[in-house]
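These are the residues of each chain, in order.
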Amino acid sequence: MENSISTAYEEKIIQDLLPRKFKKSGRILVAILSAICLVGIYAYYRQLRYGLVVTNMRDYVSWGIYISNFVFFVAISLVGSLITAVFRLAGVKWGSPLTRIAEMIAVSAIIFASLIIIVDMGSPERFYNLFLYGRIQSPIMWDVIVIMTYFFISVLLLYYPLLPDIKILLRFKERSGARLHKVYSFLGSFWKGTHKQYLRSKKAINVLCITIIPVAFTIHTVTSWLFATTYRPGWDSTNFGAYFIAGAFLVGAGAVVVAMYIFRTWYHLEDYITLKHFDKMGRVLVLLCLLYLYFNVNEFLTPFFKMKESEAGYLNDMFSGSFAPVFWFAIFTGIILPVIILVFKQGRKPLPMFIVGIMVVVGAWFKRYLIVTPTLLHPFMPMHDVPASYHHYFPTWEEWAITMGSLAGAILVIVVLCRIFPIIPIQETINEHHETAK
Amino acid sequence: MELENSSRRDFLVAGLAVAGLAAGCKSNSSPFETLIGDHVKPSGKKVKLLSVDGEEVEIDEAYLKPVPHLPPVSNEEQRIGIPGKKFVMVIDLSRCKNLKKCQSACNHAHDLNPGENWIKVDPMQSAEHTAPYWEPTTCMHCDEPPCVKVCPVDATFKREDGIVLIDSDRCIGCRFCMAACPYSTRVFNWGAPEIPADVASQPYSCETSIPQKKGTVGKCDFCADMTRMGMLPHCVSACPNGTFFYGDMNEDSVTNGAETFRFSDLMRDKGGYRLMEDLGTKPSVYYLPPVARNFPFQSGLENDKTENK
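Protein chains in written order, with this note's numbering: chain X, 1 to 438; chain P, 1001 to 1309.
Derived, one-sided and incomplete: chain X residues facing chain P with beta-carbon distance under 10 Å:
id	residue
1	Y50
2	Y60
3	S123
4	P124
5	N129
6	M141
7	P387
Worth flagging that the hints you see were computed from the coordinates, not collected in a lab.
Note that this is a predicted model, so its numbers are computed, not measured.
Note that CB positions come from ideal geometry on N, CA and C, so glycine has one too.
Throw the hints in and build the complete structure from the sequences for me.
As C-alpha cells, this is what we get:
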C-alpha cells in the first residue's frame, strides 16, 4: 500500500520534471535570441573583414567591452563550482535542486568566455600559434590552460549526475520523440543504474567536486592577473585575485536566482524550487554582497587615502569624473541595495529576489566595464601625438552587437539545454523524497 | 631616393640571375632550359650585367627572372641579434624643440599607417612650478621588458644585443603587450594599414618591421636593419639638432652622426637618467635633463598639431 503511494508520487515527480516542448512563448524567446545572435555574427563578419578598426578600441583603450564581457562570463561560470561543489562538500542539502541550473549556466558561460576571447584577438586565424609557440610564462597561457580544464570538469559535472535522469528519459520515447531519444541513448544507454555504477559515479562526482574548486579559483584568479601583472594604476593590485573571486560568486549566485525564478514560473516548479530555496539563496546573496563590498573597500579606500600622483587621475575619474555615474550605479545597484532589500524577510520572496538578481547581474556587468576601461584611459605617459578620438572610448554598434550576441547566445545554450534535459535532477529528487519518507 | 632604391634592387636581381647562370654552366651544357624552361623565347634585347667574378656579360632580357625581395637575414638570426653588442640610445632633452623630423623620418622609413606614430614628442612638466620641456619617446627596449614577459606566443622578443622586436607573422593580436607596456609605446594596426601594394606584398622582416599587418602590434624597432648595416636609426640621422645619440654600450660610445661621446661621460657629466626607474624595467633609452637649453619650450608649440593633442 505504502509502496504504491510512493511509486505514484515518483511518477508525479517524473511527470513534473520531464523536459517539455517549447510553448509559443518559448519559441518566440528562441527566435529573438537567435536573431540577436545572428546580428552579432554579422558584426563579427564585418570585424573579420575590416579588422578591429570597426570597434572603437584604439591604442590607449586597447581592451574594451570584449574583455569586460570575457571577465563577466568567467565570473558567472564560477557559480557552477559554488553551488555544486562548495555546497555539496559543505553538506548543504537544500542546494541540490539548483545544481543542474548552476552547471548549465557554468558550461554555457565558459563556452562564451572562450569564444569572446577569440573575438577580441586581432588575428584570430593564428589562434593555433598558442599551441605551436605557446610560452608558459605568459598569464594568457595560464588562462588558456585553466579555462580548458574548467570547461571539461564543468561538462563532466553536468553529465555524470545526468546519467540516472537519462535512464528515466529513455522510458518516455514517445514523449521525447525519435531524434531526442537517439541523443539520450547515445549519451546514456550504457547506464543501467546498478549498484556498482552508482558507486563509481558517486566517487567520480566527488573527485570532480573537489578538483573543480581549486580550478575555479585559479581560472578567475588568473583572469584577474591578466590585469594585476601589469604596472597600470587601478590594475597593479595584490587584492585583485580575491576581489575578482568574491565578485564572481556574487554575480553567479545572482544569475542562479534569476534562472530559479524564470524556470519556476515558466515550468510551474513551485513544489521543487520552494520559498525556502529563495530564502536561503537570499541569505547567501547577502553574505556574498558583503564579502564583495569588503573587497571593494579594500581595493579603493587605501589608494584613495594616499592619492598617489599616478593613481589620482584614475581615482578621480571613478569617484567624481566621467565614470562616476557608472561607478556609483554599479556599487549601489550591484552591491549595497541588494543587501538592504535582502535583509528583510519580505525581500527574500521570489519576485523581489528576481529583481535583486537582475540588479546584481547588471551591476556586475558594468563593474567589469569599469575594471577594464578607466585604467587604460589613464596611462603613465601623456596621451599625446595621437588622433583626438583615441582619448575616449564608447563601443561601436559592432561591439555592442557582438557583446549582446554573446549574451543572447549564452542564454540560448541554457534554454536549449533545459529543453533537452531536466532542470531539476529527477532521480536525486526521488531519492531525497524516499529519504525524507523514511 | 625612390629611384636610387629601385635601380639598386634591379641590379641585385640581375646579379642573382647571373650568379645562377654561372653556377648552372658547370653541370649542364644548356643552362637556360634548366633554369627558365623551354617556353622562354629570346626577345633579342640584350642587357649588360656584372657577373660574380666582376666580368661584364651580356644576356638576353627574356632570361632575367625576377627574384622576390627576401629579407637578407633569416628569422632565426633576426631573433638572436648581433653578437657582442648592447645597443643604447641617449636623448638630450636640452636639444629638442619638437620639430618632429624624427617622427616623420620614422613614419616614412617604416611605411607606417597615416596617423600612427612610433616616436611621440610629448610636452612634459614634472610639477606645477617646474619648466615644461619636450620629450621624444621611442620604445625603451627594456632589459626587463614587460611586453616580452606577457606575450603568449613569443611574437615579441628580446635579442642578445638588447633590441626588442616584433614578429608580425606570429602576433595573434591579443594586445596584452600594449596593456603591459608602462611607456604606452606600442601601436596596433586596427585596420589594414594604408601602404603601397608593393610594400604590403613584401615578406615581413622583424628587423625592418615592414610591412605592418592588420591585426598585429607595431612599435619602434631601433632600426635593427640599419644597425646591422652599421648605420644610424632614421630618427637619429633625421634630427637637425642632434637630439638623439645611438651606440653600443660595450664600446661605451654613442653618436648622433656629427658628435660622438663616451656614453659613461655623458651619463656622469650631464646627469643621465631613465624613465620610470622605479618599475624595474631597465630601459635602454637614457635621457639627459633639459638644462642649458638650445631652444625655449614655446618654440616647439607651433609644431604641436592641434588635432593630435
